[in-house]
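Visitor: Now for the letters of each chain:
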Amino acid sequence: MKEGRPRSFYVLAIFFAAYVLFLYGPMIAIYVLSFQGPQGGLTFPMNGVSTFWIAKLFQGTGIVDLGAAFRRSLLLGVIVMIVTVVLSVAAGMAFRRKFRAQSILFYSAIASLIVPSIITSLGISLEFRIIDDLIKAHWNENFETSMGLLTSGLGAHLTWTLPFGLLIMFAIFNRFDPRLEEAARDLGATPWQTFRHVVLPIILPSVIGIGLFGFTLSWDELARSSQAIGAVNTLPLDLQGLTTTVTNPDIYALGTVISAVSFTVIALALGTIAMLNKRQAAKGSDAGQGLV
Amino acid sequence: MSEEVLQQASPGLIPGAGTARAAKPTRLSPSFISWLQAGPMMLVFLAFFLIPLVFVVIVSFWDYNEYQLLPAFSGRGYTDTFEGCIAQLPDLCTIGRTYVMTLKLCFMVWAITLFIGFWVAYFLAFHVKSKTWQMGLSLLCTIPFWTSNVIRMIAWIPLLGRNGLVNSGLIKTGLINHPVEWLLFSEFSVVLALVHLFTFFMVVPIFNSMIRIDKSLIEAAYDAGATGFQTLVNVIIPLAKPGIVIGSIFVITIVMGDFITIGVMGGQQIAAAGKIIETRVNALQFPAAAANAVILLVITFLIITMMSRIVDIKKEL
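In order, the protein sequences belong to chains D and G. Here my numbering is used: the first residue of the first sequence is 1, the next is one more, and so on. Here my numbering is used: the first residue of the second sequence is 1, the next is one more, and so on.
Quick caveat, the hints were computed from the structure, so don't treat them as lab data. It is possible that some hints are incorrect.
[Unchecked claim] Derived list of chain D stretches under chain G, where covered just means 3 residues or more per stretch with a C-beta under 8 Å from a C-beta of chain G:
| # | stretch |
| --- | --- |
| 1 | 88-94 |
| 2 | 204-210 |
| 3 | 248-260 |
| 4 | 272-283 |
Predicted, not measured: the structure shown is a model, and the values here were computed from it. We put the CB at the ideal spot given by N, CA and C, even for glycine.
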């Protein structure tokens with residue numbers, strides 16, 4: 001537009017900027033506060049600047065067994081990410097054809113997304129308790145529990161990440177040009193070759209996006225883990241436990257470390273996506289270039 | 001070119017190779033492939049979502065004592081929940097008050113997130129012209145969603161606490177003499193944190209609806225003499241309605257079932273529908289917890305049904 005921007009642009013730009021400040025301001029405050037001096041408290045002003053609280057966290061003398069919870073959350077996050085990517089891509093491919101039970105799967109995913117987490121979490125914990133009782137009654141009296149990080153915990157996280165994965169796949173295939181696959185088929189590619197050499201390279205950036213959702217949603221997951229994770233805690237559960245008791249910047253330091261992992265993963269994923277997009281733009285299509 | 005080389009380069013081109021593959025008896029039917037592809041995800045939802053929901057309903061009709069579940073039919077989960085509801089009329093019983101509170105929080109958060117979400121989406125969809133900027137700014141709104149909710153709640157403590165930035169700022173400017181207490185661990189901080197966490201769920205669907213609006217419709221309205229406000233009310237809002245409804249469903253269901261934000265930001269003092277379930281579970285009263293979950297599920301389902309009357313969700317995705 002040549003006439004310059006309307007006044008509503010500036011009003012809404014200020015509104016948008018205020019929203020972004022509202023989103024990031026408080027987070028930045030605790031990242032700053034986690035670098036309090038050793039005498040520092042929970043609020044501003046800063047009482048010196050140090051890495052005292054973060055170092056304390058890593059020495060393991062702090063509030064929780066950070067190392068163990070960290071490794072558990074990381075392990076679970078990576079597994080959730082891989083499973084989410086594989087199952088979402090597969091199911092997304094299936095949705096391109098009509099098949100029976102299509103709408104059952106679709107509505108299960110939507111329901112899983114919007115049924116309150118506490119209900120899903122309670123249901124999973126009841127399911128596993130009943131399984132445990134059955135095992136104890138019929139097979140092994142000394143059986144402890146089948147609940148755990150990689151059974152009930154993994155399942156609980158997947159009920160949260162898979163709907164996002166599936167919806168992203170829908171968005172991808174809404175824009176996907178099926179003629180590319182037809183061309184591959186006409187050239188004699190097998191279905192697997194078509195997928196591996198034509199479809200996958202095109203959708204790869206979005207698939208990495210699914211992975212990003214899978215990992216970060218699991219890494220920060222709380223409501224669904226709360227009843228379904230079993231005896232051990234993940235990092236966010238430990239952090240939540242601390243909110244009622246802690247009176248020094250320990251908790252900010254832990255928050256900063258958890259966020260650092262999130263931001264590293266986000267940066268890696270977005271960087272990879274940008275790189276792939278650039279490569280696709282450079283090498284992707286020579287349509288319309290004529291024969292060289 | 002020898003046939004051998006051609007065969008290696010592209011096996012499908014040699015007539016014999018193609019027919020050999022087609023003749024293989026293991027050729028899978030398309031519907032079987034669909035089952036293979038969609039089956040694993042379906043199994044996950046079956047095992048960790050649908051069956052657990054069935055268990056919630058079943059267990060809500062079981063009996064219980066101080067320390068264990070008793071698999072015998074009983075309405076005790078429900079009668080305990082509604083205890084005193086008739087005796088205390090016309091006053092509300094505990095569960096009634098809790099739901100009034102939850103719905104109140106729900107309504108406030110819904111109204112605020114809708115307002116913020118609508119204008120943020122409007123700005124991104126109509127005022128940001130360059131695709132790169134649109135991507136960048138959308139990403140800016142999305143990144144916090146990928147970080148921890150608890151951390152984003154804790155983040156308000158240094159700002160809203162008794163000695164927090166807001167209070168010390170207000171005292172310094174002389175507006176108040178004593179720190180304001182209701183900023184943190186109150187209804188106010190719960191609503192603030194919920195808005196902070198979940199406006200994203202409003203922005204995304206509304207933005208998706210708006211971006212699909214044909215810009216020439218807006219120009220047509222303008223050419224026909226509509227004011228900006230008339231265009232907004234008669235063109236943009238009706239066309240953005242699906243996004244508004246989907247966003248509203250997300251926000252309302254999240255707040256209805258929330259117990260973590262309400263717990264942390266309410267200083268564990270505010271009763272809400274999700275918190276009752278948590279409290280019952282912690283007391284190992286699983287049938288009562290399940291009964292509350294069923295009630296919550298029914299109410300949430302009613303709200304969604306009412307809202308989805310307005311729009312066909314499946315068509316929009």
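Visitor: Which of the listed hints are not met by the structure?
Guide: 2, 4
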